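Chains as they are written, first to last, in this note's numbering: chain A, 1 to 465; chain B, 1 to 94.
The hints are simulated quantities; they were obtained by calculation from the structure and are not laboratory data. It cannot be assumed that every hint is accurate.
As the list claims (entries may be wrong) - Covered stretches of chain B, going by a simulated chain A footprint (3 or more residues, C-beta under 8 Å):
#1 17–24
#2 44–51
#3 54–63
#4 84–93
What the hints assert, rightly or not - When the alpha-carbon atoms are kept at most 20 Å apart in a straight line, the in silico DMTMM-like pairs for lysine to aspartate or glutamate are as follows:
#5 A/K285 x B/E6
#6 A/K429 x A/D368
#7 A/K285 x B/E20
#8 A/K285 x A/E219
#9 A/K285 x A/D185
#10 A/K285 x A/D274
#11 A/K429 x B/E20
#12 A/K285 x B/D39
#13 A/K285 x B/E77
This one's a predicted model, so the numbers in the text were calculated from it and none came from an experiment. The C-beta atom is built at its ideal place from N, Cα and C for all residues, glycine as well.
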Amino acid sequence: MPMASLSRWTMSYFAAALAFLVAAEALAVAGIGYPAAGLVEPATLLLVHFVAIGWLSLAMAGALLQFVPVLVSSPLAFPRLALPALAMLAAGLALLCAGFATLAGWIEAPLDLLPLGAAFLLCGFSLLGLMLVATLLSARPVALFARFVLTGLACLAATALSGAGFSTLLSGHGDWLGTVTLLPDGLPFHALLGLGGWLGLIAVGVSYRLFVMFMMAPEPPSRRVRPVLLLAGLGFGLALVGLAAPFAGIEPGALWITAILAALILASLFYARDILTLYRARRRKALEINMLASIPAFGALGLGLTLLPVAVIAHAGDGAIAALVFLIAFGWLGGLTMAQLVKIVSFVTWLETYTPRLGRGPAPRVGDLVAMPRTGWWFLLYYGGVGLAAATLAIAASTGFRLAMALCLAGTAGIVTELIGIRRLSQIKASDRPPAHERPRLLAARAEERKPAHVETGRIARPRA
Amino acid sequence: MNAGLERLVEIALRDVLDPEIGRSVVDLGLIYAIAATPDGRVSITMTTTTRGCPLAGFLKEAVAMAAGAVEGVTAVEVTLTYEPAWEPAMIAAE
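Chain B with its partners taken away, still in its complex shape (with noise of 0.2 Å):
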């Protein structure tokens, strides 16, 4: 458990945008759980706000760029899962 990185991690994935809404994928509850170790082995779940959606693969990537260019983190394991399965009440108000 290494709370101050998970909030690090989370902090930079702010900057990664849904390129149909505009928002982060924190703020769209599309990450269910960010979990880091003291050495700084970090795992993320995360989804979709639809299965297959050809956009899932990107966003992977792009969430384990951004988690992985943290000081401190040392690897990043990023699970994709659709249980529960997203829906549009997991939105952040704004």
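Looking at chain A on its own, in the form it has when it is part of the complex (with noise of 0.2 Å):
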């Protein structure tokens, strides 16, 4: 029986991905992009794709590529491709965002880089797709968390598409639309598919799998996981009608926007009684930081999921509704992605680090990588920053958010220097430490020196000596 192994270059894209929050947690706290500028101008465009493609789609290919070959029992297919893919991401969304620079005036560049930078994007994502498709559908029959996989990454591509699309239109190259018009209409059901389907559908999937394992819970049935999947399917799929409407002529409105919502709203209520049931089930009663901290993520989920439609129907305004797509970003996926990275970090370590004393001995444990209580002080710090950006963006109070994202910032930015600290075992004494040579990079695992017992699959026959 194959095993899955440690997916090499993982560390890699969590480091890129939290550059590029911190970057625009910084660019929020100088007052670049919205409430300062509008929600469409470039801007805002730029910050906001230095969070959706920078930190959360990073973040979680990174996370993909290490849990989905365990997920399935499978090692990774394509694994060579995992660093082209990273590199090819970080340029294109460098380009894209060079493109939105100029559009904003800051620099004197060709507005082609818009195009060329999807295009990188649309590259580095077909060859993460290629690489997690081809995993997903060696092993036999297709899950149901795979299932949910695989419709994220369908939003993905109609992510990836729609926004090339909407880059040649910026670019002054959108002749060959006619009189079909994709902006602005388009970009609630871009959004829609980017950070619902392709980040909040895939987390929701693999949640599911994952807290199991993390809580030593039982796992919920599929006939109780497969609702999340319809209504969440059938929202995303009225999401792709609405994004290709304009080729038939038709404009979706506000009505289709909360016909949407409605349907991820249900499948987000089978979704917390599900996690809510894992919790209550579960057999690691002492709670670790990373479940704990996501709590406060579950909390910003159902507060934006359910005030979101009723804002589109009062037509409460920019403010109001870029208060909870905020807490939706930040709060949910961005909390839920930060507490997770914690515990993928502590865990891949160990592996790199304590394997070889497995029943030899005293090792540490995972959880022992961890500096606590002082992680959970920074998540606090964090989710502070996110509850008060989100009151501030809905006041339409631009300094308070400035302050609000400082704090953000400060969170984050200990959380990162906590997990460098897990990779360079900090937290452990000296004399539990390997030598020097032989600990974790901090960029990239040691993937090959471990493969051998990975991938040993033959019976064991070892007398005693």
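Quick one: dock chain against chain with the hints and give me the complex.
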């Protein structure tokens, strides 16, 4: 039976993702983007793509490269594509944002940077999709959680393709569209498919499997989980139709978006019930920091998704909608991602460092690598900043928003420091650390060195010496 | 059948700790069966908490190592199985 192994470049994806998050928060503190600029102005678009692609998508990609093989018990397909995919995504985002900077008048450069960046992003996401889809389909039958990931990847394809179309329009090459008006009408669907379909749906699907492992809870039966996928699939299907509607001369209005949000709310209700059941039925009574720090993220999802359709129907204005989308992006997706990064980084670091000691003597536990309660305080600071930032966005208090983002930035910087500390085994006493040349590298896992034991499949006959 | 040796192997396996929980593979219910022959050949059937666990190869090796170190054991065979699949109810009460 084949075993999953360590993903060599997952740490590099995480490092790049965190660098983009810190940059995005620093830009927000500096007053770049909404609310100082309009919602669809280049400065805001730059910031939004730093967060959506740079932070959330790269972190999600890194986590999937590590966990999809584990969850389907199959090695990652085409693992050599992981680094080129990361390079293309980072370069594509840099080019796209240079294009936004040109649109904003900050730099002088051709607007062709926008479609060029989009082309790089399409290539990077295609390589990522190829690795993940091939890995997922190598295990038959295709498991329910794998269907979440596959649906999310389909949403990613729609998001990336529509984004490429938008970038062509913004660069002034939209003649091929004739009278079809993709912008700004298509933006809400592009955002829904990206944040909700690619990032949200996959986070939901993967969390079913990972939370079962992390909390030692009984796996929910498929019949309970399936409605979540069906309802969310319906919502994102409607979003896809909304995105393509202008080609048929139809203008989907607020009602269409409300219908999508209604389907997503129903899916979230079923999801919330299941997650609550997992927390209650867990055999690990003491929650680790990753599961504790996920609780405010679920609160943010509940609040954001419940109020968003109300805000859309009531025409509550840009401020309220921006606040709720911020709550979902930074509170739910950002908070959940950051919480699980602590777990994934400590687990991978333990695997790299202490597996040879397994059964041969005392070794630190995975949780010993994390500095507690200090890490918990950083999360408190981050979530405090998120709550305050959402409130200040709702009342359009620009200065207050910048101060709140400074809190988020401080919390993020603290968590990044702790993650580096985990990689450097800073919480482990010197006598329990391996020699310097065997310690984990900061940005790349020692995947090859550990491979023989991971892929060992035969029977062991080891007579006593 | 060598009940005494099986018992000694089980005791030895209590030193193989899961790095996540800090409890032994025996307490976690990961050891499904231990069988020993009169001449000291030991067969162990075990599982992991999830299929494809990155620790599976190492846990199997650690179990073989711990069992092989027991006085009287002449050979160890460890088989990994997912039938039945492990579930949290298999964890021994603390």
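Here is what the structure says about each hint:
1. 17–24: Per the Cβ count (5), the hint holds.
2. 44–51: holds (count 3)
3. 54–63: holds (count 10)
4. 84–93: holds (count 4)
5. A/K285 x B/E6: violated (32 Å)
6. A/K429 x A/D368: Answer holds: A/K429 to A/D368 is near 10 Å, not above 20 Å.
7. A/K285 x B/E20: holds (13 Å)
8. A/K285 x A/E219: OK: A/K285 and A/E219 at ~16 Å, within 20 Å.
9. A/K285 x A/D185: With Cα atoms ~48 Å apart, A/K285 and A/D185 exceed 20 Å; violated.
10. A/K285 x A/D274: Status holds; Cα separation ~18 Å.
11. A/K429 x B/E20: holds (19 Å)
12. A/K285 x B/D39: Distance of about 43 Å is beyond 20 Å: violated.
13. A/K285 x B/E77: violated (34 Å)
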